[in-house]
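Engineer: Residue strings, one per chain:
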Amino acid sequence: MPPIPAAVPLSWYLVLSAVLFSLGVAGFLFRKNIITVFMSIELMLNAVNLSFIAFSYHLKQVDGQIFSFFVMVVAAAEAAVGLGIILTVYKNRSTLEIDEINSMKN
Amino acid sequence: MDVPLFLLFAFIAVASAISLVVQTHPISSALSLVGVMVSLAVLYLLLGAEFIAAAQIIVYAGAVMVLFVFVIMLLNAGTEHKSSKSPMVKWFGIPLFAVFIGVISFSVQGMLPKSEPVVFGAFTQGGPLEVGRALFTVYLLPFEVTSILILIALIGAIVLARKEI
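Just so you know, the protein sequences line up as chains X and G, in that order.
In terms of our numbering, the first sequence opens at residue 27 and continues consecutively.
In terms of our numbering, the second sequence opens at residue 269 and continues consecutively.
Just chain G, same shape as in the assembly (with noise of 0.2 angstroms):
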């Protein structure tokens, strides 16, 4: 069950990140990078990080995706213009993306010989018990500084939008 299940995510995934790349308007893009979010959740799971695919879920693919979207439309912001491209771009860009994919998956499959199979249900300490009890006795102070950080992000995404920039 575990093959099907990610060669059709995993599909849906290279599928959306194409379409993000190709599409040429900006809520095209936004609507594909929703499909890459929730299909790599449905990965997660698979991996038995349960807690990480809700994260993923609530707040890539809910509040990030949300403020994408919100952004492109107060901008109005319309279709791309058509670039000038060099014939080397159009002839070569796509077969040379593709060799470079190749080269990629065939030296990461040849570092990992022997690397195990991922059953579902084998690692089963990816619940929020686990990972909170991670979080808040090895990696307290990260957590307290991200806080700090977010602090920072909110002070300084309400300045940048201010009216007198």
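Okay, chain X solo, but in the shape it has when bound (with noise of 0.2 angstroms):
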């Protein structure tokens, strides 16, 4: 096993965003609650903004924080409309499991 070293290389950010990103792609895959399918996708841009931010320190620049900041506010404004899409097919169907919202099948 290789020693800690004595300060955090910039790739442990990474791999640890990667990672986060591909458990937001696990969650989207195979959970079947919308709820949970949405907040997947959360996990996966909050783990895109981990890089963003890394690679700003990186680069020793402002913008890829800016790049972030606009990402969230993204994610904000997605989150409002997203969850009345929930909403609204709650309320025509009355689940929330994604496999029995099929219309658009066949």
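Hints in this document: simulated from the structure, not taken from any laboratory.
Any given hint might turn out to be false.
The calculated DSS-like cross-link candidates involving lysine-lysine, where the alpha carbons are at most 27 angstroms apart (straight line), are [to be verified]:
| no. | chain 1 | residue 1 | chain 2 | residue 2 |
| --- | --- | --- | --- | --- |
| 1 | X | LYS86 | G | LYS431 |
| 2 | G | LYS358 | X | LYS117 |
| 3 | X | LYS86 | G | LYS350 |
| 4 | G | LYS358 | X | LYS86 |
| 5 | X | LYS58 | X | LYS117 |
| 6 | X | LYS58 | G | LYS431 |
| 7 | X | LYS117 | X | LYS131 |
| 8 | X | LYS131 | X | LYS58 |
| 9 | X | LYS131 | G | LYS350 |
Using the hints, put the two standalone chains together into the complex.
Structural biologist: Quick look at the structure:
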């Protein structure tokens, strides 16, 4: 086992970001509750934000942080619209299972 | 001091993310997502992004998650039903996922062989002053377009959540 370095390498942050993104993809693919699927998307957006900020540190520029700020704003707007859609789906279908919401099939 | 802090909060983030994926009740998933967001805010602070860390706590862990919890409680979302998984998924899913994570970590480590160490305090350009200056000079047009986007999202959410649809 390699010794623990004195400072955290930048690649650890990127690996953490990749792991969180993969977990978000796994949740997006395997879960069946529409709200949990939506939360997995938020997890993926957060993982990408971590990459942006790590590269902002690497380049010593503030632009990456601005990008993650915009991602945050878009995620907030997306959450508002997405939860409105979920409310409408539940009103029409009385279910939150994505396997049962298949009226566009066939 | 950086390494224990990073390891602690990276562990909390990954554990909360795994908890988000495996919990069957949406409220547990939502609270796990709050854990991920708060620990990510600490990592942003370690990377010198003070403004983004504060915005992460206020916007994500505050506003967005309150919205999620509100909708979960409004719809009275219950526990997910167990699906009849095929044996392939049951036996190969988690090992293949671990292999995938390993390959990704290895390739990221390989792409950045001499990556610099992250030292807390080495990058001080992430405060509200610098972020605000960049936001209102270089990125003024995207900022203004974002305000229109927010307005559209607001109207869209109100229209979608009306009674008649």
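Engineer: Each hint needs a verdict: does it hold in this structure or not?
Structural biologist: Hint-by-hint comparison with the structure:
1. LYS86(X) x LYS431(G): violated, 50 angstroms
2. LYS358(G) x LYS117(X): violated, 34 angstroms
3. LYS86(X) x LYS350(G): violated, 48 angstroms
4. LYS358(G) x LYS86(X): violated, 45 angstroms
5. LYS58(X) x LYS117(X): holds, 18 angstroms
6. LYS58(X) x LYS431(G): holds, 26 angstroms
7. LYS117(X) x LYS131(X): holds, 20 angstroms
8. LYS131(X) x LYS58(X): holds, 17 angstroms
9. LYS131(X) x LYS350(G): holds, 23 angstroms
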